[in-house]
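Residue numbers (this note's numbering), protein chains in the order written: chain E, 1 to 66; chain D, 67 to 333.
These are computed hints drawn from the structure, not numbers from a lab. Note that the structure is predicted; figures quoted are calculated from it, not measured. Mixed in with the good hints, there may be bad ones.
What the hints assert, rightly or not - Computed footprint of chain E on chain D, listed as stretches where at least three residues anywhere in the stretch have a Cβ under 8 angstroms from a Cβ of chain E: (1) 129-136; (2) 149-162; (3) 219-226; (4) 235-241; (5) 318-324.
Unchecked claim - The calculated DSS-like cross-link candidates involving lysine-lysine, where the alpha carbons are at most 25 angstroms apart (straight line), are: (6) K181(D) x K199(D); (7) K30(E) x K94(D); (8) K181(D) x K96(D); (9) K30(E) x K96(D); (10) K94(D) x K300(D); (11) K300(D) x K96(D).
C-beta: ideal position from N, C-alpha, C; glycine also.
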Amino acid sequence: MQIQVNGDALDVSEGATLAELIEQLELTGKRIAIELNLEIIPRSEHATTRLDAGDQVEIVHAIGGG
Amino acid sequence: MMSEQQHNDPLVIAGQRFNSRLLVGTGKYKDMAETGAAIEASGAEIVTMAVRRTNLGQNPDEPNLLDVVSPDRYTLLPNTAGCYTAEEAVRTCRLARELLDGHDLVKLEVLGDQKTLYPNIIETVKAAETLVKDGFKVMVYTNDDPIVAKQLEEIGCVAVMPLGSLIGSGLGIQNPHNIRLIMEEARVPILVDAGIGTPSEAAMAMEMGCAGVLVNSAIAGAQNPVLMARAMQKAVVAGREAHLAVRMPRKAYASASSPLDGLITGR
Numbered sequence: 001m002q003i004q005v006n007g008d009a010l011d012v013s014e015g016a017t018l019a020e021l022i023e024q025l026e027l028t029g030k031r032i033a034i035e036l037n038l039e040i041i042p043r044s045e046h047a048t049t050r051l052d053a054g055d056q057v058e059i060v061h062a063i064g065g066g
Numbered sequence: 067m068m069s070e071q072q073h074n075d076p077l078v079i080a081g082q083r084f085n086s087r088l089l090v091g092t093g094k095y096k097d098m099a100e101t102g103a104a105i106e107a108s109g110a111e112i113v114t115m116a117v118r119r120t121n122l123g124q125n126p127d128e129p130n131l132l133d134v135v136s137p138d139r140y141t142l143l144p145n146t147a148g149c150y151t152a153e154e155a156v157r158t159c160r161l162a163r164e165l166l167d168g169h170d171l172v173k174l175e176v177l178g179d180q181k182t183l184y185p186n187i188i189e190t191v192k193a194a195e196t197l198v199k200d201g202f203k204v205m206v207y208t209n210d211d212p213i214v215a216k217q218l219e220e221i222g223c224v225a226v227m228p229l230g231s232l233i234g235s236g237l238g239i240q241n242p243h244n245i246r247l248i249m250e251e252a253r254v255p256i257l258v259d260a261g262i263g264t265p266s267e268a269a270m271a272m273e274m275g276c277a278g279v280l281v282n283s284a285i286a287g288a289q290n291p292v293l294m295a296r297a298m299q300k301a302v303v304a305g306r307e308a309h310l311a312v313r314m315p316r317k318a319y320a321s322a323s324s325p326l327d328g329l330i331t332g333r
């Protein structure tokens, strides 16, 4: 099924969890934060949160800024 | 090396005490190594950062800002730079809180346009109201309007940070009289954010009685950022101590420093 990650389309397996998405993107263990359809999903819920087709996911990290 | 004065004169923001009154940003540096070295040389304890989309599939071993500026050592202050609406700013703060394990001190800035990066006050006020209700401790970037500054304090912002001049301009404090008016009425710390270009301008803000200054471009944009970071640290300490010492009165005519009695000319 297809979802949107950071504005781009991405294919993930049917019923994948957020934790599986993070693994697919090779971001496991990185300091990131995730918003799913405008809601923050706490790190503790990544493994239990299932994705649906058309979901909008934002994955962010810290960078330099003033 | 901390002087006696600094120990007895902490900057208190939302009940938390800091020895350094210089806050620094982490933008515009050449690389992470230079960022880390300049932040260290500045002696700052509060360090701003931005939140951006993670690049997917590129450079997985890219150094992370949080490895260089560790949340264990520094108080990180996530900003909402680049946000043009209250909604974007609130989303960014919520992402930052998740990113930093529940840390709720944020720097709110909602911008008006790309040419001036001047704050959009209407959206800033809306975002501040939502964030305060949501439990955030909000340090807010604003213009140098004393009425707006007071309103932001009344909403519950823990610090108000008027601009000295435009972000990244290095034009110094263009309207010190307004900054003074803001400080006269304030019950929360007032920090000059944006516009500081040199240590003398940082010292001027501190001499005027500002609680602190936030500097990024003036350090990152110097030819030697580490040296400039050190200079800024000294300027902020000097300005603060001068403020506490209270300057001499200005006089219209000369007043000799050496005694007039006993001159060999006998006049």
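Hints versus structure:
1. 129-136: Held - the stretch 129-136 of chain D has 3 residues with a Cβ nearer than 8 angstroms to chain E, which meets the minimum of three.
2. 149-162: holds (count 4)
3. 219-226: Coverage by chain E is violated for the stretch 219-226 of chain D (0 residues, Cβ < 8 angstroms).
4. 235-241: With 0 residues closer than 8 angstroms to chain E, the stretch 235-241 of chain D misses the three-residue bar; violated.
5. 318-324: With 0 residues closer than 8 angstroms to chain E, the stretch 318-324 of chain D misses the three-residue bar; violated.
6. K181(D) x K199(D): Violated, because 32 angstroms separates the two Cα atoms, which is more than 25 angstroms.
7. K30(E) x K94(D): Between K30(E) and K94(D) the Cα gap is close to 23 angstroms, so the pair holds against 25 angstroms.
8. K181(D) x K96(D): Given pair K181(D), K96(D) holds - Cα atoms ~23 angstroms apart, limit 25 angstroms.
9. K30(E) x K96(D): 23 angstroms, holds
10. K94(D) x K300(D): 22 angstroms, holds
11. K300(D) x K96(D): 24 angstroms, holds
In this structure, the hints that do not hold are numbers 3, 4, 5, 6, in rising order.
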